[in-house]
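Just so we're aligned, residue 528 is where the sequence shown starts under the numbering used here, counting upward by one.
Derived by calculation from the structure, the hints in this document are not laboratory data.
The model shown is predicted, which means the values in this text are computed figures rather than measured ones.
Treat the hints with caution; some may be incorrect.
As a list, the in silico DSSO-like pairs of lysine-lysine whose alpha-carbon atoms are at most 30 angstroms apart [as the list claims (entries may be wrong)]:
hint : residue 1 : residue 2
1    : K857      : K1078
2    : K746      : K816
3    : K1146     : K1078
Label-pair distances were calculated between CB atoms; the ranges are [claimed, not checked]:
hint : residue 1 : residue 2 : range
4    : G630      : T696      : 50 to 58 angstroms
5    : E714      : N585      : 24 to 32 angstroms
6    : M1218     : S694      : 25 to 33 angstroms
Think of the CB as a built atom: it goes at the ideal place given N, C-alpha and C, for glycine as much as any other residue.
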Amino acid sequence: MIRFLDLGAKVALQFAASVRHIFLLVVLTFTVSIAVLAGSAAAQTYQFSSIAVQGNQNIETAAILNRADIALGSVISASQLNQAYQRVLASGLFESVDFLPQGGRLVIQVVEFRAINRVNFEGNSRVSDEAALAIVQSRQRQVFSPSVVEADAAALTEAYRSQGRLSATVTPQIIERTNNRVDVVFEIHEGRSVEVERLSFVGNREFSDRRLRRVLETKQAGSLRALIRQDNFVEDRIPFDKTLLSDFYQSRGYVDFQTLSVTSEFSRERNAFFVTFNVREGQKFKFGKTTTTSEVVDVDAGPYERLPRIRDGQVYSPQAVDNAIARMEKLALQQGQNLIRVDPRVTRNDRDLTLDIEFALTQGPRIFVERIDIEGNATTLDRVLRRQFRIVEGDPFNPREIREAAARIRALSLFSEVGVNARQSAASDRVIVDVDVVERPTGSLSFGAGYNFSTGIAFTTDFKERNFLGRGQTLNFDFAVGVDNSNGGMTFIEPAFLGRDLTFRFSGEYRQTEFDYTDYDTRRISFQPSFEFPVSESGRFGIRYRIASDKIFNVDTDSSPILAAEEAAGTIRTSSLGYTYSYDTRRTGVHPNTGILFQFGQDFAGLGGNIEYIKSTAKLAAETRVLNEEVTLRATLEGGALDSLGGISGLTDRYFLNSNRLRGFAPAGVGPRDRDAVNMDALGGNYYAMMRLDSEFPLGLPEELGITGGVFFDIGSVWGLDNTNGGLVDDGLHLRSTAGVSIFMNTPFGPLRLNFSRVIQKETYDSAQNFDLTISTQF
């Protein structure tokens, strides 16, 4: 038995050894075969005497051969032949490519991608064919690519989503044509726009929903949306709305304001959204103690202490802090301290709800601007954007100045998108400022119609280009023809004359009036170049020269001898030099609810022409919001004086109180009149003064109607003449006053205002007008 087992073991061992030998022999044989074949392939060469291209219909044979780049008669390796194949395939013009060597002949077989015969859009009305074609990448006579067409359909769908049409669908259809061509048709179902049915707020105590809705870019549509106005839901607008809401509260002292969440819910009918902003207002803070310190050797804080202009107890505003920093850093530059930075350090006093501000003068990092790179301005010249920067290459880097430059570029309104960012350059102490913009259309041609009780119906044509020749210049032509008048004018504005903050303006005007309420006509032709420049944060100064030709004609025989004498005098030529100073805090003021405008100007005529005078005008206006900003109050005080320097003033130079200045009276309804004349035409006066008080408030109507109410009170007078026709003209100072109510309404035809007035005080010869309506539109 033992012997039998030993014999079996020996047989098993011998069998295993035989299997190993066979396996090693097979592996060795396979390896040698592979090596032989590889060596054979590596050594294989080709030599072609002719090359034939098959399957191409739209792509020229020469173009394929040129890309293959195989020289006839030359010896090439298999590797070089493969590289030629890869070059033809990589052209992207073919679905498949085959290289078939046939002895001394090479056959290149290709299957072309189909070419696009044309691109059509069907079912679109909200997006024009031209706008849709600018969105898609597929183009006529280009190679058809299914993936590109699918991407085009997605891009079109997104364009409709941005308009609030969330149910829009775009289906691409491919229509086969002859000669391996296809038509690409995008079938568009626009669907209904999805509007904001209700826009509400949770957590707001100080400001009503109505007030906060006016802050947001998103608007609420209402029951009369088809006739009044509508707004569509755009999801991408929500982050911007949150920023606007935060800025609104921050500027009013609510430093802890937060938007906790924004919910957007579909209505049951899935045709509208309910948008709710959940906010936390926090407490209202005021400025406490304001101090200025210096942490820089040899820099005295004394000259900087008066620059913040912040009073204790004033409502906190980030704009006030930023303005103070700007003044301090400007002073540092004037003193040659280029690297001084102002660090506002805030100490919070929760007990009395104040914020103490310490403006610390610190040494800024030694980082400089290496260069400013501008991209995206295909039409606008680089210099238009560069002049918005107060720094140039080589200046110290100032993040606040970069932010302000970005704001100035956006304020140009020449670009739909503006991005200004700083990035580190190769050098550790240098940064590169990247400016990326997307241009928007800046030209417009409009035809319109308007109606006014003073002038009646008028038809207008207006051409305006705000970026003339890409230089940031404005060129405007307008022409209006009405029943009683015709006007035409042109204006050219260079906002940065000689590359400085100096605005140059040139305007020309032609005006002819034939009003029903006067028995005479007037004609004026004038040209006026002017310059304007800033003199302070809110102040500007302008100087102008004016040359004009004025004429009064068609004076009725029943008119005053004063008018007849002016007609007989013929054309009055005026050559005058003038200036205007204006102070306006409506945009730059730190109080968001209050704005002040002050203007004073004078014109001196007599530098030529045939008339001499000094004409002075002044205006003071203020606006504020009260009762949680629900009610707007406005007050305007203005006046003027014309000194004819011993001569007689002309009709076209004297003052008239029209219905825009003194409501409740007809155009030229007040002022000196010749009581001996039959028609008692208004003659105007050398002096005028008036005051207007206005208020505007909600009426409790649905907000989507866009209707608000108001009350007003006007008081004023125009008086004084050089020629009183022997005392027959009453040119005394007689006050007129009116009071009334107004209705303001936003309509599809433009802003409309209705004034219902009652005259409180007037003269017997004045002409009252108890109702006034103004409306204008463009189409």
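Each hint tested on the structure:
1. K857 with K1078: Measuring from Cα to Cα gives roughly 51 angstroms; hence the hint is violated.
2. K746 with K816: Violated, because 40 angstroms separates the two Cα atoms, which is more than 30 angstroms.
3. K1146 with K1078: holds (28 angstroms)
4. G630 with T696: 50 to 58 angstroms: Since the Cβ atoms of G630 and T696 sit about 56 angstroms apart, the hinted range of 50 to 58 angstroms holds.
5. E714 with N585: 24 to 32 angstroms: Holds: the Cβ-Cβ distance is about 26 angstroms, inside 24 to 32 angstroms.
6. M1218 with S694: 25 to 33 angstroms: violated (55 angstroms)
Hint compliance for this structure: hints 1, 2 and 6 are broken, all remaining hints hold.
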